[in-house]
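Undergrad: Listed here are the chains, written in short residue letters.
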Amino acid sequence: MRNYKPMLLFSLFCCLYFLSSASGLAETEIPKANLPVLTTSAGQSADVETLNVICEEADIKYDYCDVPTVELIEAGVGLANKESGPGFHVEVYTDLATYPKGTAYKTIIFAIGASLKGMGASGLTVDAEVNRLKKIIDYCKQKNIFIIALHAAGTSGRGAPGSDNEKMIDAVAPFADYIIVAADSNKDGRFTSIAQDKDIPLTQVEYALEIVDIFKQVFE
Amino acid sequence: MVKRKKFLFIICILFAAFAMVSILAFSPSKGKNNEAAIPDYSLDGCTVIIVGKDASVDGSVMTTHTCDCGLCDWTWRYVPAADHEPGSTRKIYHINQFKTFPPEQGLKWEIYKNDFTGVEIPQVPHTYAYLHGAFGYMNDQQLALGESTIGCRKEMDNSTPSAKFDITMLTLLAMEQCKTAREAIKLMGSLGEKYGYGFTDTGEMLAMADTKEVWIFEIMPVGPLWTPKSGKPGAIWCAQRVPDDHVSVCPNESRIGEIDLDNPDYFMASSNVISYAVDKGYYDPNSGEPFNWKKAYSPSETSAASSKGSRARLWRFFDLVAPSQKFSPDTPNMELPFSVKPDKKLSVKDVMDMTRDKYEGTPYDPARGLQGGAFANPNRLPYGFTVDEKRYNTARVIGVNRAEYVTVTQCRDWLPHPIGGIVWLCFGAQDTSCYMPLYAGITRIPLSFEIGDHWVFNRESARWASDYVDFHTQVVYSHAIKDVREAQEKWEGEALARVETTDKVALDLYKKDPAQAIAFLTEYSNSHANAVVDAWWKLGDDLLVKYNKLWVYDIKTRERKRMEYPDWWLRELVKYNQLQPEAQEEKR
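First to last, the sequence lines map onto chains A and B. Number 211 in this note's numbering belongs to position 211 of the first sequence; there are no gaps in the numbering. Number 1380 in this note's numbering belongs to position 380 of the second sequence; there are no gaps in the numbering.
Note that these hints are calculated values from the structure, not bench results. Fair warning: this is a prediction, and the values are worked out from it, not measured in the lab. Check before you lean on any hint, since a few could be wrong.
[To be verified] In silico PhoX-like links for lysine-lysine, alpha-carbon gap of 25 Å or less: (1) A:K187 to B:K1091; (2) B:K1179 to B:K1194; (3) A:K82 to B:K1154; (4) B:K1549 to B:K1538; (5) A:K135 to A:K82; (6) A:K117 to B:K1390; (7) B:K1232 to B:K1091; (8) B:K1154 to B:K1280; (9) A:K216 to B:K1154; (10) B:K1154 to A:K61; (11) A:K61 to B:K1280; (12) A:K216 to B:K1229; (13) A:K187 to B:K1229; (14) A:K141 to A:K32; (15) B:K1113 to A:K187; (16) A:K117 to B:K1308; (17) B:K1179 to B:K1511; (18) B:K1232 to A:K216; (19) A:K216 to B:K1280; (20) A:K32 to A:K134; (21) A:K101 to A:K141; (22) B:K1154 to A:K117; (23) A:K82 to B:K1390; (24) B:K1344 to B:K1212.
[Unchecked claim] One side of the interface only, derived from the structure: several residues of chain B facing chain A at Cβ under 10 Å: (25) N1096; (26) F1098; (27) K1099; (28) T1117; (29) K1154; (30) D1157; (31) S1159; (32) T1202; (33) L1225; (34) K1229; (35) S1230.
For each residue, glycine too, the CB sits at the ideal point set by N, CA and C.
All chains, please: the whole structure from these sequences, using the hints.
TA: Structural data, given as structure tokens:
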């Protein structure tokens, strides 16, 4: 008579492993964050437009600046009344009745994606952008500002190790308090690895539309 | 009992196999991301010129594409026709038109396959042969195109992976499957609607030409929140036919204005063409104004004058082809016409010349004054400049010096497709390069067209032969360009003059055996192209010798002459460097 016990145990192990892996991707607890929120870019790609459209659809009133400095973030809501100009964009949609100008930001959302065209228009090199991001991240950590890292561009926002896109990911994702990533952006598991290594909650989505509900829950 | 055990064993195996497959399916894949991160310097891209059949001297329908990227992949290939088994599928890839890859990683059409979107569409029984550069350009049915990025409202862009099609993949499918411009527009539009359009592309324009007509097709994404589950179209598109006796242009600006969908011979559009604008608040149907495609989806207020020449291509083209209409550079670009009847019909040579236009004789001529310098170089500062924290525009010319290559396509309905279609192709900057004819029926292209990239000089690459001439022209532009134009006149002039004879020989062969005509055209196109590439290497050598060290070496007489500098420049030199005339120095 053959002993089927090892086979049954192996099958059970495989099933449990599969179920835990699958649920790990789908059921990360969504953390809470507070308003007011600033949206910005890590790498100056057009993905920040996706981020802003998501915020609008989720009815989250936000301020936006593509290349904020620490000083500008420190100025809080209203971004010191700065006006947009060539290579520098500011939009203020925060509800000023609830969060008057100067209120400190509680959350910053980075749309990650490198564009040399975008950086060039803002007078930035890749290294200058990475340095700028490092200063902002340091400031956020110092002031307990919640950091959300968003990568929604899929394969077009990825690259070879050391490429501009990967440098932007390195500059932001490991320091985030929450990572939201498109499945196509995470085909190689890079964001999952960062999240596991740094114990950061991560939510993976198929479509950007799913992030609308996620943002509603984050800021509810 | 034995049966039960066997059953249990099989269940165990199936369960384990299912679990292992599931684990693998959900595990991150490795080994991607082998492409180089490529800078996107496409601040202002390509120009398309369009000529209807009754607006050309010989009845050709023409389009152009100045592939003004500066850092894109310039390589070309010939894609053969193919037959496919019933039930087979065509995989859809994300193809970034702005990306290039180190040659050691392989050819771009193989690297694309790393970016499979997950979408496969039913394959057609037969796919047509075509010439493929950044896009598909002409197939063996004389379907041809030119491309220009036109953008759209920023909130309409969809750079997320929900958009499975970008413009490059759409053009390849059009080439593979379609015989006419109308077929191609309907195919590309429907694929964009069903599977989503955008990803690496924004609003795009294609001039779609066949032997009888030419259309402007414009397609735009519908925002990053689109999903196929929404049941709504994943793209918005519109197409307008250029009247047969008209010419038109697209210089990175939407060209279609008011539309009349009751006139299907001149207009086509997606089902959401107006409703999307209404939903988004881009158009108010109660405004009393007719719907206007470009004003709804890609509005702009600029003119040639208001942009100080950086948006002057539209005005310049219309002024070149119809000077009698006295178009003003002050007219907002959106108010300029969709197309015009030219004052005189255009030849292939006229169109080639227009692709090289640098606004000579206009207030926007970049060769003027200090910008051009002593040697009237029109290629300096094409992106404007910043000094003392102030930004200055410079004129954006049609013949800007960052073309990967330029095409002029010619479709002729009085000849069989393999003979009637011609892609005139020049590599690199068109002012210093040479157009070479590639007939639609050819079955191979020179190897030198298939290789090379921006970062490694390559004597086997046709593009580097052009760049070699271009580099030696920049140094003393006003002098060296005369040598280049002489060579262009010889090689292009001969090729243009030979078209009639080539057509006749090919047609005679075609009547006996089409395969013989195809072999003849393949041999002719390739041998002529190879001769031009050789001639351009030699021209580069000759320019180096002739203008070596900013002297003029006369190769025939073996004499050396001083380089001539224009008086205006010498006067400026005296002023700026505060030079004193020799006589005054003597007085001291």
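Undergrad: Hints numbered earlier in the text: which of these fail when held up against the supplied structure?
TA: Per hint list: zero violations.
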